[in-house]
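Going by the working numbering, the letters in the sequence shown line up with residues 459 to 668, in that order.
If you're looking for bench data, these hints aren't it; they were derived computationally from the structure. Keep in mind that a hint or two might mislead.
Stated by the list, open to error - Label pairs and their in silico Cβ distance ranges:
| hint | residue 1 | residue 2 | range |
| --- | --- | --- | --- |
| 1 | Q472 | K504 | 31 to 37 Å |
| 2 | D638 | A551 | 37 to 43 Å |
| 3 | K504 | N573 | 20 to 26 Å |
| 4 | D567 | V505 | 34 to 40 Å |
| 5 | E653 | P506 | 30 to 36 Å |
| 6 | P506 | V645 | 32 to 38 Å |
| 7 | E647 | P502 | 27 to 33 Å |
| 8 | S526 | S641 | 25 to 31 Å |
| 9 | W486 | N562 | 14 to 20 Å |
| 10 | P467 | D650 | 32 to 38 Å |
| 11 | P485 | I667 | 20 to 26 Å |
Unchecked claim - Distance condition first, Cα-Cα at most 30 Å in a straight line; then the derived BS3-like pairs of lysine-lysine:
| hint | residue 1 | residue 2 |
| --- | --- | --- |
| 12 | K482 | K496 |
| 13 | K563 | K504 |
| 14 | K542 | K604 |
| 15 | K542 | K557 |
| 16 | K547 | K604 |
| 17 | K504 | K656 |
| 18 | K658 | K547 |
| 19 | K668 | K547 |
| 20 | K668 | K563 |
| 21 | K637 | K547 |
| 22 | K496 | K547 |
| 23 | K604 | K563 |
| 24 | K557 | K504 |
| 25 | K637 | K496 |
| 26 | K656 | K668 |
| 27 | K656 | K637 |
| 28 | K557 | K604 |
| 29 | K637 | K658 |
| 30 | K496 | K604 |
| 31 | K604 | K482 |
| 32 | K557 | K496 |
| 33 | K557 | K482 |
| 34 | K563 | K542 |
| 35 | K637 | K563 |
| 36 | K542 | K504 |
| 37 | K637 | K542 |
| 38 | K604 | K668 |
Bear in mind the structure is a predicted one, so any value in this text is a computation, not a measurement. Heads up, the beta-carbon is just placed ideally off N, CA and C, and yes, glycines get one too.
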Amino acid sequence: MTADINKRPTVDEQEYWETLYRVKRTPWELNAYSPPLKTFLDSPYKVPPGRIAVPGCGTGHDSMLFASRGFEVSAIDFAPSALKATTEKFTQAGVLNSKGFVLNKDVFDMHDYDNYFDYVLDHTFFCSIHPSRRRQYAMVVRDLLKPNGKFISLFWLVERKGGGAPFSTTNDDIFAVFKDIFSFDIVFEPPDSVESRKGKEIFCMMTVIK
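All chains should be modelled from the sequences, with the hints used to inform the complete structure.
Encoded structure:
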């Protein structure tokens, strides 16, 4: 039996994401932290510093924002090129392996970290997950969190018919996936999204039910 040399990697494989980072086809990257996340950290609804997982951290701008506010950040990504950029940011800020940690892991294989985190942060990661695995992702987040842990999420609402990532994401999709696993504490459309995403983002903070 011979390998199919024409087989393309899927979104579930490291090669898919590493290739995109190498050729710089990363439209989800803002090259800065997301303004609504900073607004949240400056708001009355902010949460105290604790351990936070950032799946799909990319080049680490949001991870660095939270590390700068005293959180112990575990930045998680499939793509070595993305993690290299995150590592450089943590190193330059002097927080590597103190407030900033990098994990080259598949978020669906994080069982060693069950009940470890106070928070999980999702920014444009949900829309990268094939819809058939989203409920599984919600359960992974549940398992990573301690009892009463918070899921902080800035969802990118995407309208697509077919194709690959980012996959179509609606408000109804979000509620259908996370209901019964989380309670919704805060839900709103952020007024300070970057121009290209105005009206296309929803901020949620949820509490895990466990």
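- request: Enumerate the violated hints, using their earlier numbering and listing them in ascending order.
  value: 4, 6, 7, 11, 19, 21, 26, 31 and 37
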